[in-house]
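A.B. asks: Here's the letter readout for the chains.
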Amino acid sequence: MIRDITIGQYYPVDSVLHRLDPRLKLNGTLLFIISIFLFDYFYGYIAVTMFLVSIIMLSRVPLKFILRGLKPIIIILLFTTTFNLFLTQGDILVKLGFLKITKQGLHSALFMGLRLTYLILGSSLMTFTTTPNQLTDGLERLMWPLRRIKVPVHEIAMMMSIALRFIPILLEETDKIMKAQMARGADFESGGILKRAKGLVPLLVPLFVSAFRRANDLAMAMEARCYRGGEGRTKMKPLRYAGRDMIAYFILLLYFAGIIFISIYEKYFPYFDFI
Amino acid sequence: MIFLQIVFDHIDYIYSSGTSFEKHALKDINLKIEKGEFIGLIGHTGSGKSTLIQHMNGLIKATSGRIYYNGEDIYEKNYDMRSLRSKVGLVFQYPEHQLFETTVYKDVNFGPKNLGIDKLEADIRTYEALKMVGIGEDLLDASPFELSGGQKRRVAIAGILAMKPEVLVLDEPTAGLDPRGRDEILDQIASLHEESGITVILVTHSMEDVANYVDRILVMNRGSLVMDHEPREVFSRLKELEEIHLAAPQVTYVMHTLREKGFPVNTGVTTVDEAKNEIIKGLKL
Numbered sequence: 000m001i002r003d004i005t006i007g008q009y010y011p012v013d014s015v016l017h018r019l020d021p022r023l024k025l026n027g028t029l030l031f032i033i034s035i036f037l038f039d040y041f042y043g044y045i046a047v048t049m050f051l052v053s054i055i056m057l058s059r060v061p062l063k064f065i066l067r068g069l070k071p072i073i074i075i076l077l078f079t080t081t082f083n084l085f086l087t088q089g090d091i092l093v094k095l096g097f098l099k100i101t102k103q104g105l106h107s108a109l110f111m112g113l114r115l116t117y118l119i120l121g122s123s124l125m126t127f128t129t130t131p132n133q134l135t136d137g138l139e140r141l142m143w144p145l146r147r148i149k150v151p152v153h154e155i156a157m158m159m160s161i162a163l164r165f166i167p168i169l170l171e172e173t174d175k176i177m178k179a180q181m182a183r184g185a186d187f188e189s190g191g192i193l194k195r196a197k198g199l200v201p202l203l204v205p206l207f208v209s210a211f212r213r214a215n216d217l218a219m220a221m222e223a224r225c226y227r228g229g230e231g232r233t234k235m236k237p238l239r240y241a242g243r244d245m246i247a248y249f250i251l252l253l254y255f256a257g258i259i260f261i262s263i264y265e266k267y268f269p270y271f272d273f274i
Numbered sequence: 000m001i002f003l004q005i006v007f008d009h010i011d012y013i014y015s016s017g018t019s020f021e022k023h024a025l026k027d028i029n030l031k032i033e034k035g036e037f038i039g040l041i042g043h044t045g046s047g048k049s050t051l052i053q054h055m056n057g058l059i060k061a062t063s064g065r066i067y068y069n070g071e072d073i074y075e076k077n078y079d080m081r082s083l084r085s086k087v088g089l090v091f092q093y094p095e096h097q098l099f100e101t102t103v104y105k106d107v108n109f110g111p112k113n114l115g116i117d118k119l120e121a122d123i124r125t126y127e128a129l130k131m132v133g134i135g136e137d138l139l140d141a142s143p144f145e146l147s148g149g150q151k152r153r154v155a156i157a158g159i160l161a162m163k164p165e166v167l168v169l170d171e172p173t174a175g176l177d178p179r180g181r182d183e184i185l186d187q188i189a190s191l192h193e194e195s196g197i198t199v200i201l202v203t204h205s206m207e208d209v210a211n212y213v214d215r216i217l218v219m220n221r222g223s224l225v226m227d228h229e230p231r232e233v234f235s236r237l238k239e240l241e242e243i244h245l246a247a248p249q250v251t252y253v254m255h256t257l258r259e260k261g262f263p264v265n266t267g268v269t270t271v272d273e274a275k276n277e278i279i280k281g282l283k284l
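The listed protein sequences derive, respectively, from chains A and B. Just so we're aligned: 150 in numbering that gives the first Met the number 0 is position 151 of the first sequence, and the numbers increase by one with no gaps anywhere. Just so we're aligned: 273 in numbering that gives the first Met the number 0 is position 274 of the second sequence, and the numbers increase by one with no gaps anywhere.
Here chain A stands alone, though its shape is the one from the complex:
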């Protein structure tokens, strides 16, 4: 059950995408997210879809696994699309009693749904192909200039990598404690909201106790190895851009320029203005 949550998980296969520099992937994800909010018409949608599909194919992560990442946001997705569909004012297309679907509503519901889906798919693709360590390394390097204005960049990166490292540990721990309490007859599934919330106490108390214990142990272990923050600290594997990263940057820029071109073009010549 807990294993079903795939958001933020790393998927270990060897692909071009896996080998790229994490800084590139972070920048690329940012660019991609911006790009999905640029288009407002049909052509832009095609270009973005084509780009996303080719990236998914390049990543060699099974489609089934990627789509499973959408499961947790399905409710949000349904909410936004339904509200957009029925509550937008404009030219009425269909009328069902007091509910009415407008042309503008259909348009915004469709695009809002697409944007949310692509947002999740795009960003989860980054975590599927990048280990948490690479990710924080990349972030640390990208945020390095912020040290000038006294942002504790190294500390933030370290906290992030520890937090990420603890996610699977705590998930496993939750699973274990849940089973242990189920073996003692605890019931996490039935009953009303109040009973269920109360039923969580036997799970949450041991979980917090163990989280604090682990944090304490880790702090002790770090101090025992003379950790004292980022000052003068070097890396075993410093990040270096390779040729393929340059090519990837080039492709990204090309894509972004293309999207901008399409979105400007569509604004003036909206051929496919039917939705």
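Warning: the hint list may mix true and false statements.
Okay, derived cross-link-like pairs now, DSSO-like style, lysine-lysine, Cα gap no bigger than 30 Å in a straight line [to be verified]: (1) B:K34 to A:K197; (2) B:K130 to A:K175; (3) B:K31 to A:K175; (4) B:K60 to A:K194; (5) B:K60 to A:K197; (6) B:K151 to B:K130; (7) A:K175 to A:K63; (8) A:K178 to B:K163; (9) B:K130 to A:K197; (10) B:K118 to A:K178; (11) B:K60 to B:K31; (12) A:K175 to B:K76; (13) B:K86 to B:K60; (14) A:K99 to A:K266; (15) B:K34 to A:K175; (16) B:K26 to A:K197; (17) B:K118 to A:K194; (18) A:K178 to B:K31; (19) B:K22 to A:K178; (20) B:K112 to B:K163; (21) B:K260 to A:K70; (22) B:K105 to B:K26; (23) A:K178 to B:K86; (24) A:K194 to B:K31; (25) B:K112 to A:K178; (26) B:K260 to A:K175.
Note that these hints are calculated values from the structure, not bench results.
Fit chain B to the given chain A structure using the hints.
C.D. replies: Relative to the frame of chain A, chain B by itself:
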């Protein structure tokens, strides 16, 4: 008459199937456990011991195969899984990590209360269980988080015992305890087995533990059940055990060395007491 309590019929378990995390954790396990047996389950880390025992009370559902408890198929649609969990008491590794209540008494009372029996009966069981594991009256109202490591573990075991299970499964109950705490817990389990005739399954890394207490040993390797014999037989197959990263008790090695040096002893010995007798016998010759 033999009474089959737990039967595993061609059990396979695969998790995360269809992804690159896929793992075949159990492969074609066939197993018959009789009422009142004292069984040791050994195997290297990751050999599937913990997965196997979690099948016994239905916490994990097998990918294929059938499990029968007292002759009833537990994967049958109408089977009462919750009552199975109270009949097969499972003590997890480091069970003290599951303590959560404000007092020792309340924590042990959690299990029986969940059974839906009346309050008086639940209270009696709680007191009995605490007595069985040797927790005194002075600790009843203490917070479980204030106790020592060994005490915490005994409270956690009492939490399972209070449900009056018919089968008691313990996953490494002695891990991380000092020698004295270890002996205390194992002795209490052994005397419980003797007095109440409860079936006990002991998962462990320590060959000494199994040699001293159990009458039957199951050996797991990479998800398969590779041996199922009495201790003497299992430990006589030293070579096979070492191939799967296991070993015999230390005394067995001592006896083997003595034999090699020409001292006339039986190498099939598994406990210190037996070894003592063998050596005395050898000296008298």
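A.B. asks: Against the earlier hints, flag every one the structure doesn't satisfy and list their numbers going up.
C.D. replies: Result: hints 1, 16, 21, 22, 24 and 26 break, sorted rising.
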